[in-house]
Amino acid sequence: MSTPEVNERELTFAQAVREALSEEMRRDPNVCIMGEDVAEAGTPFKVLSGLVEEFGKERVLDTPISEAGFTGLAVGAAMTGLRPIVDIMFGDFITLTMDQMVNQAAKVHYMSGGKWKVPMVMRTTLGATRRSAAQHSQSLHAWFSHVPGLKVVLPSTPYDAKGLLKAAIRDENPVVFFEDKMMYKLKGPVPAEEYTIPLGVADVKREGSDITLVATSSMVQVALGAATMLEGAGISAEVIDPRTTWPLDEKTLIASVKKTSRAIVLDEGYERYGITAEIASVISAGAFYDLDAPVRRMGAMHVPIPFSPPLEDMTVPTENSVFEAAKSLCNRN
Amino acid sequence: MTTVIERSDEAQVDATRLLRFYRQMLAIRLFEERVNDLYTRALMPGLAHLYIGEEAVAVGMCEALRKDDYITSTHRGHGHCLAKGASPDRMFAELLGKEAGYCRGKGGSMHIADPDTGNMGANAIVAGSVGIATGAAFSAQRLDNGRIAVCFFGEGALGQGSLYEVMNLAQLFKLPVIYVCENNLYTEYTHFSETTAGDILTRATAFGLLAAEVDGQDVRSVHAVASQFAERARHGGGPGFILANTYRYSGHHVGDINRAYYRSKTEEQSWKAERDPIQNLVAWMTASNVAQKTQLEEIEKELIAEMDRAAEFAVKAPYPNPNQVEEHVYA
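Protein chains in written order, with my numbering: chain A, 76 to 408; chain B, 2 to 332.
These aren't lab readings, by the way, just hints derived from the structure by calculation. All C-beta atoms, glycine included, are put in the ideal place defined by N, C-alpha and C. Each hint should be verified, as a subset may be incorrect.
Unchecked claim - Cβ pair distances, simulated, as ranges: (1) A:GLU129 to B:TYR263: 36 to 42 Å; (2) A:ASP112 to B:ALA332: 28 to 34 Å; (3) B:LEU48 to A:GLU399: 54 to 60 Å; (4) B:THR191 to A:MET389: 44 to 50 Å; (5) B:GLY147 to A:ILE140: 29 to 35 Å; (6) A:MET376 to B:ILE258: 51 to 57 Å; (7) B:TRP285 to A:ARG102: 54 to 60 Å; (8) A:ILE140 to B:GLU189: 29 to 35 Å; (9) A:ALA360 to B:ASN324: 22 to 28 Å; (10) B:ILE258 to A:ASP103: 33 to 39 Å; (11) B:SER265 to A:PRO223: 55 to 61 Å; (12) B:THR191 to A:ILE140: 43 to 49 Å.
Using the sequences and the accompanying hints, generate a full structural model.
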C-alpha cells in the first residue's frame, strides 16, 4: 500500500488523461499522438498541454484538419509497428472518420484471418450543455459500439480515465475513448502508483438496494446526484457504471438488477436505438423474473442539440428528471 | 514536378530480370484465367474482378520493391498480391472461402492480405487503403527501417477525397509512399472521362509530389519509373504518384458480359491485339535475342502445371470449421 499522502492525491479529469498519455509514452517509444492542434496548443481543452515539450513534435504531431486522412494514416501506422493515439477534437467529427474506423480499423484483423492487428486509440469527446450547438455537442458513442472489432470506453472519473486509457493504449485492438468535455475540470483521487483498469469491467459507484441506476460517462455524476436525492426520499439507489460499452460487463449489470428489481439506464447519447436500449435489453433478458417494473431508459431527446441554453438544458437527463423517474418506478409518487 | 523517364536501358535490365517479368505477368494471367473458369463453373462464391490486361503495372512496380516493402491493393487485387509474392494455392483457397486461404477464408477475393510479403490487404472500398499505405510509410519513416509503401488504386479512386487528404499528409511529412493510379479507362461501367474533371497528374503535383505518367502495358517502362520512385522514396525524397495507363480486358467482374453500352468490341480487340503486355514483351525479348521462344514456352508449361495444381488444391481444401466464425474479431 502507498503512503497516506500519495493516496490523498487529487487530479482533474484532464490531468488524469494527460498523465496516462505521458506515462505510456515514456513506457513505450512507439506510442505517438496525432491530431489537430495537439502540440503547442495542447488542444482547445488544454488536455495535452506539456506533452510536446516532453516528447517532441515527432511524437506529438499536429495534423491538417483532415480527420479521415490522419485516422487512416493511424490505422496503417498501427498495423506496422506504432501505437498511434488519434485526437478527434469533438465527437461530432467522428462522422468524418467512419470509413477508416468502421470499414478499415474494425475489420482488418478479422478479414486477414487474424494476421494483421490495429493497436490504435481514438480519443474524442461527447456531451452537451456547453452551448456549442448541434455540431459540437453530440454523444455518438453508440455508433462505434455497434461495430464488431472496435472497443468503446466511457470513463466517468479521473481515476477511471487514467486506468482505462492506459489499458486502451496497451490493447491490441482499435479502441475509441470518449471523454465528456464538461468533465475535464472534475477532480477526484488518482493514486500516483502504476495501475490500469481492464476493459469490460463495470464499477459499482454507489451501493443500494431498491433501484439500479446504470449510468455512463457524463450521466454517472447525474445518477450519483439523483441517488443522494432519492436517499432523502427513502429510496436506496445503486449506481453502476459499465465503463465500456463494448466489451460490456453484462454479469455485473444483471446481478445488480436481480438484487434491486428495478432499473433505469442513463446515457447521454440519443435514446432511440441507443446504448440505453441495448443495456435495457440485456437487463430485461438477464433479470426478467426478478424485475418489478419495466426497465426505464433515459437519454438525449431526439432532436439536434439546440444552441439556446433553456432549450439545450431540456435535451439531456438531469438529477431532477432521474429523481422523478426513479420515484415513479418505485411507486413513491 | 512531373517527370519523364525513359524505358530501362536494355543493358541494365538483364535477361534474368526480363524473364522474371515474363514469368510473373504470365502467372497472373494464368491465375486469372483459372479464376474465370472456377467462377463460371460456380465453384467460386461472391464476385471476381479480373486483372487480365493490367499485369505489367503490378509486376513492373513490385519487381522494384523489397520483400518487406508494403503494398495495399484493391478489389481488382489478385495481380498485386501475386506480384508481391503470394503463392497461388493459398490465393485460390482464399477465393473459394477455404481455411487454407491467406485469410482462413474470412476475406475472400477482395481482401487478400499477407504480412509475410508486406501485403497489407486488398481493399473493397474504393480508395479505402490510401490511409493505410500512408500510415505504413509513416511507420517506416519513424522506425527508420528503410521500407517504403506502394498504394495501388484505380482511376475511380480519384473521386474520393481521402486520397487528397493523405497526399497532403504524405508530402507534409515527406513519407516514403508511392501512389499508383491504374487508369484502366473504366470506373466500373463508366468511361473515366465522364467522372474525372481536369488533369490527373496535376492533382499530385499540386501537393508537391513527384509525378510521372507511364505506359502501363510496357513492363519495362513501369519498372524503370518504379525503380526511380522507389529509390527516391527510400532515401528520404518523399512521396510520388505514378499514373499507369492500362486496360481492363474483361468486364468489371466476371458476370459483366454485355459491355456494348459502355465500350465497343473493336476497342477491346485493338488493346488485346496491339497493346498486350505479355505478347509485346515476348516479341521484344525474342526479337532482341534476350530469350528463345522454346525457353518461354517451357516457362509457360511450368506455370500452367503449377496453376492447375494450385486450383485443384483449393477446390479440394476444406471449408473453415463453424467454430471459427467468432474467432479474430478481436486480437
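Hints the structure fails to honour: 1, 10, 11, 12
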